Every structure is written in C-alpha cells, then in structure tokens.
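Visitor: Each chain is listed here by its residues.
Number of protein chains: 2
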Amino acid sequence: MKARVHVMLKEGVLDPQGEAVRHALGSLGFDGVQGVRQGKVIELDLADGTTEDTVREMCEKLLANTVIESYRIEMP
Amino acid sequence: MKARVHVMLKEGVLDPQGEAVRHALGSLGFDGVQGVRQGKVIELDLADGTTEDTVREMCEKLLANTVIESYRIEMP
Numbered sequence: 000m001k002a003r004v005h006v007m008l009k010e011g012v013l014d015p016q017g018e019a020v021r022h023a024l025g026s027l028g029f030d031g032v033q034g035v036r037q038g039k040v041i042e043l044d045l046a047d048g049t050t051e052d053t054v055r056e057m058c059e060k061l062l063a064n065t066v067i068e069s070y071r072i073e074m075p
Numbered sequence: 000m001k002a003r004v005h006v007m008l009k010e011g012v013l014d015p016q017g018e019a020v021r022h023a024l025g026s027l028g029f030d031g032v033q034g035v036r037q038g039k040v041i042e043l044d045l046a047d048g049t050t051e052d053t054v055r056e057m058c059e060k061l062l063a064n065t066v067i068e069s070y071r072i073e074m075p
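Here the protein sequences come in this chain order: V and B.
Residue 0 is where the first sequence starts when you use numbering that gives the first Met the number 0, and the numbers rise one by one after that.
Residue 0 is where the second sequence starts when you use numbering that gives the first Met the number 0, and the numbers rise one by one after that.
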C-alpha cells in the first residue's frame with residue numbers, strides 16, 4: 000500500500016528556498032507571484048495493513064521536524 | 000489564488016534521498032517499508048486569474064527539471 004506525507008514549514012517560519020523561487024520567477028517575467036513556500040512530499044510504499052498511526056509515528060520520529068514543520072498524511 | 004505543484008523524480012531515476020529515508024526508517028524499527036521516494040511540493044500564491052498554462056510554463060522553465068523530474072499541478 001502507498002502513503003503520501005506532505006511536510007511544510009509552519010506559518011511564520013522563514014522559507015529562504017521558497018523566497019529564492021519567488022525571486023527567480025519574477026526574474027523570468029512571471030508577474031503577480033505573491034508568495035512561494037516549498038515543502039517535501041514523501042511517498043512510502045508500505046506493507047499492507049500499516050495503520051495511519053504508524054505513519055504518524057514515522058513523521059514524528061523522522062520525517063518531519065515538528066518544531067518548525069507541519070505534516071499531513073494521505074492514505075487511501 | 001493558490002496553486003500547488005508536486006515535483007517527483009521520474010520512475011527509474013535513482014533517488015538516494017528516498018533510499019536514505021527508507022534505510023533510516025528500518026533502523027528505527029519500522030518494518031515493511033518497501034520503498035520511499037522523496038519529492039518537492041511548491042505552494043504558489045498567485046494573482047487572481049493566473050491560468051494553469053502559466054503555471055505549467057513556470058514548471059517547464061524553473062520548478063522542475065523535466066529531464067529527470069515529472070510534475071503535477073493542482074489548482075482550485
């Protein structure tokens with residue numbers, strides 16, 4: 000089974016990578032880009048029967064730094 | 000308006016970052032993780048009326064390296 004985890008910097012945490020992308024888009028002539036935030040998406044191929052609780056534990060222990068990042072789990 | 004772009008390495012392209020995560024999850028005692036792929040998610044805050052074609056152009060020109068990466072656009 001597949002699970003997908005989205006990890007984004009929390010609101011208020013500076014995102015220099017996103018800011019660099021915003022600036023580069025402006026330089027390329029794309030107007031009206033007001034903000035860019037960049038995050039990670041992690042696709043996991045898991046054994047059948049793995050619960051969302053297990054995936055949440057993976058996030059808390061490894062996949063996200065919960066001090067500055069929030070995560071969202073998508074499972075079928 | 001908001002748009003979200005998912006950028007993933009194409010099938011067949013080695014993903015050492017994902018592989019490192021898979022290995023680390025195994026070391027932490029999470030069994031049955033058969034594969035991990037890591038990608039990027041980019042959230043764009045755009046001027047109203049920006050079309051999906053414009054976002055596609057951003058992807059082709061900057062956000063994705065289309066030689067090795069595929070992208071998917073989510074717009075409301």
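Don't read these hints as lab results, they were simulated from the structure.
None of these values were measured; they are calculated from a predicted model.
Even glycine gets a Cβ: it sits at the ideal position worked out from N, Cα and C.
Wrong hints could be hidden among the right ones.
Stated by the list, open to error - With a cut-off of at most 25 Å between alpha-carbon atoms, the simulated DSS-like pairs for lysine-lysine come out as follows:
no.	chain 1	residue 1	chain 2	residue 2
1	V	1	V	60
2	B	60	B	39
3	B	39	V	60
4	B	39	V	39
5	B	1	V	60
6	B	9	V	9
7	B	9	V	39
8	V	39	B	60
9	B	60	V	1
10	V	39	V	60
11	V	1	B	9
12	V	9	B	39
To be verified - Simulated DEER-style distance windows between Cβ atoms:
no.	chain 1	residue 1	chain 2	residue 2	range
13	B	69	V	75	43 to 49 Å
14	V	26	B	22	37 to 43 Å
15	V	56	B	46	25 to 31 Å
16	V	52	B	22	21 to 27 Å
17	V	47	B	48	27 to 33 Å
18	V	50	B	55	35 to 41 Å
19	V	65	B	19	28 to 34 Å
20	V	9	B	73	16 to 22 Å
21	B	12	V	67	25 to 31 Å
22	B	71	V	44	25 to 31 Å
23	V	60	B	74	16 to 22 Å
24	V	52	B	15	26 to 32 Å
25	B	22	V	25	36 to 42 Å
26	V	56	B	0	23 to 29 Å
Visitor: It remains to establish, for every hint, whether it holds in the given structure.
Guide: A quick look at each hint next to the structure:
no., hint, verdict
1, 1/V with 60/V, "holds, 19 Å"
2, 60/B with 39/B, "holds, 16 Å"
3, 39/B with 60/V, "holds, 20 Å"
4, 39/B with 39/V, "holds, 5 Å"
5, 1/B with 60/V, "violated, 30 Å"
6, 9/B with 9/V, "violated, 28 Å"
7, 9/B with 39/V, "holds, 16 Å"
8, 39/V with 60/B, "holds, 20 Å"
9, 60/B with 1/V, "violated, 30 Å"
10, 39/V with 60/V, "holds, 16 Å"
11, 1/V with 9/B, "holds, 17 Å"
12, 9/V with 39/B, "holds, 16 Å"
13, 69/B with 75/V: 43 to 49 Å, "violated, 20 Å"
14, 26/V with 22/B: 37 to 43 Å, "holds, 38 Å"
15, 56/V with 46/B: 25 to 31 Å, "violated, 41 Å"
16, 52/V with 22/B: 21 to 27 Å, "holds, 22 Å"
17, 47/V with 48/B: 27 to 33 Å, "violated, 45 Å"
18, 50/V with 55/B: 35 to 41 Å, "holds, 37 Å"
19, 65/V with 19/B: 28 to 34 Å, "violated, 20 Å"
20, 9/V with 73/B: 16 to 22 Å, "holds, 21 Å"
21, 12/B with 67/V: 25 to 31 Å, "holds, 29 Å"
22, 71/B with 44/V: 25 to 31 Å, "violated, 18 Å"
23, 60/V with 74/B: 16 to 22 Å, "violated, 34 Å"
24, 52/V with 15/B: 26 to 32 Å, "holds, 29 Å"
25, 22/B with 25/V: 36 to 42 Å, "holds, 39 Å"
26, 56/V with 0/B: 23 to 29 Å, "violated, 35 Å"
Taken one by one, the earlier hints fail for this structure at numbers 5, 6, 9, 13, 15, 17, 19, 22, 23 and 26, listed in ascending order.
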